[in-house]
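J.: Single-letter residue listing:
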Amino acid sequence: MTRLRRYARDHAVPLALLSPAVLVILLVVLLPLLFSFYTSFSNYRLIRPDSLWDWVGFRNYLRVLGDGDFWSAFGRTVLFLTVALNLEMLLGLGLALMVNRITWGQRTMRTIMMFPMMFSPILVGFQFKYLFNDTIGLVNNALQSLGLASEPIPFLVDRWLAFAAIAFAEIWMSTSIFAILILAGLFAMPKDPIEAARVDGCSNWQVFRHITLPFLMPFIYIAMTIRSLDVARAYDIVDVMTGGGPAGRTELLWTLIARTAYDDARMGRANAMAYFSILLSIFFTWFFFRKLMAARRHLGAF
Amino acid sequence: MSRAMKDRLIWAVTFLVMLIICLPGLWVVLSAFRTNGEILTKPAVWIPQNLTLDNFRAIFGLGENVLAIPVGSYFLNSLVISVTSTVLAVMIGMSGGYAFARHRFPGKSGAFLWLMLSRTVPGIALSLPLFILWSWIGLIDTKLGVIVVYTAINVPFTVWLTEGFFRQVPRDLSEAAQIDGCTPWQAFWKVEFPLARSGIASAGIFAFLTSWNEYALASQLTRSTDSKTLPVGLMDFTAQFTIDWAGMCAMAVIIIIPALILTFLVQKHLIAGLTFGGVKG
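Sequence lines, in order, name chains Y and E. Under our numbering, think of the first position of the first sequence as 701, with each following residue one higher. Under our numbering, think of the first position of the second sequence as 23, with each following residue one higher.
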């Protein structure tokens, strides 16, 4: 107790300055999460308030772990994130390298490149719902006008096409984050090592592989860390594009949580699932943060 | 191939890629000025025959055909919620960011990490307990309830950004001002704040955009015209029997315009802010 009091006295100013931030996060994030942790061990249903005190131990978690729908949504989410993040990184790298090469109108190109960043996920979802619509969508209209398809293609109904359409929307939205940050890295890059390597007779590919890419890695990992902070944004896109349907074929972890909690009113089980989604987000962020630190150390070495 | 030819080719390819990036958005904007009749026509009409402002008139209840969806109140709700939560988040974030940038205290890096981790909680996972708790204390379906939540989710990022900008302001300046007779409070507002002002402004714009665009939490915590925001209101269109595509596109344009202007204003700081601490350490 005395140690705590001394700590508070010695650091009164920073503690006072920090207290509003700590307080608001405590009240709106930490306490609710503790509460939802409790409800994940209860049989809480929204329609029966007294069921909150119905302690069921690990039953919710066991049910979730034995639930085929949960595992297919979980697998789909991991697949979705792997595909989306990797493609975003590769496309962003390509885009940044191209914009870095051009000299005329580079600023304008950079501004255009940021265009998708201005769209909220819900708008991105709506936009591609409209574009991929089977009767009036731009894509189907174009395919039919060009004579490439006689029948409308059900982009948002077929299992894999819908998955691809959602992934496309996600990639469209987030590639520019990678492109912008990698471009910032290219601008910050010293020119001397490249020229030295050229003099020593390195090929373009060797210069890229052994000089440019290692230098860009921290920037790529910054982008990955920022992206992994809000991977759950995909919920908005899926909710507006397909709503997880048809028949749960495009269900991601986050839409499954929403359906279990609000449509089926099984709050307890939904909270158990929510903890899996929280762990997934923390894992992704922690993973890329570690990589970022490692890349920075590596960079500091030469 | 000569070097000049190659450069021109790269330019052309880049331009083409940019066009593809912009196309979906431009198509939505164009559709906002078309009639539903033209959008639904088969075979597709590619070149708009008559552009109209009717969709926007309908949204704000100015034309003959009035929408059943009260976009006007949604717009007002969005504005009130986003502005209030941004002001609160910037003030709280500035205070916390300053503590991290200027003071040493045990447990500092741990506190910073915890602050950031609170940001990783998916909105939908956080909405579950908030939905229950807010119903109990009567904050469900109120603007205040949403404002409190948005303030909290914006604080980690505003702390992070303002910390970076305050660290760039040399420590000596504030000390010099204090030797000249300023109190620390005066020194902060007269010397350090003006120097970090543009960075703080961009932190504010980030917070505003996050609130303006948020959907997962708002879709569960708001129910009626009292508190529904624009992103939630957009989904009203899909609940109707036939989807009013042109109306939805017009609403999309209304949502995107503030975001467009603000992102454009802040783009320079956006990059600086995001790469902070990443490379320089």
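No wet-lab data here; the hints were simulated from the structure. Ideal Cβ positions, reconstructed from N, Cα and C, are used throughout, including at glycine. Be aware that one or more of the hints could be misleading.
Said to hold, decoys possible - The following label-pair restraints were derived from C-beta to C-beta distances:
1. Ser751/Y to Ile159/E: 17 to 23 angstroms
2. Asp964/Y to Arg219/E: 45 to 51 angstroms
3. Phe887/Y to Ile279/E: 28 to 34 angstroms
4. Ser903/Y to Pro206/E: 44 to 50 angstroms
J.: Please go over all the hints and tell whether each is borne out by the structure.
T.: Hint by hint, here is what the structure shows:
no., hint, result
1, Ser751/Y to Ile159/E: 17 to 23 angstroms, "20 angstroms, holds"
2, Asp964/Y to Arg219/E: 45 to 51 angstroms, "50 angstroms, holds"
3, Phe887/Y to Ile279/E: 28 to 34 angstroms, "30 angstroms, holds"
4, Ser903/Y to Pro206/E: 44 to 50 angstroms, "58 angstroms, violated"
Consistency with the previously given hints fails for number 4 only.
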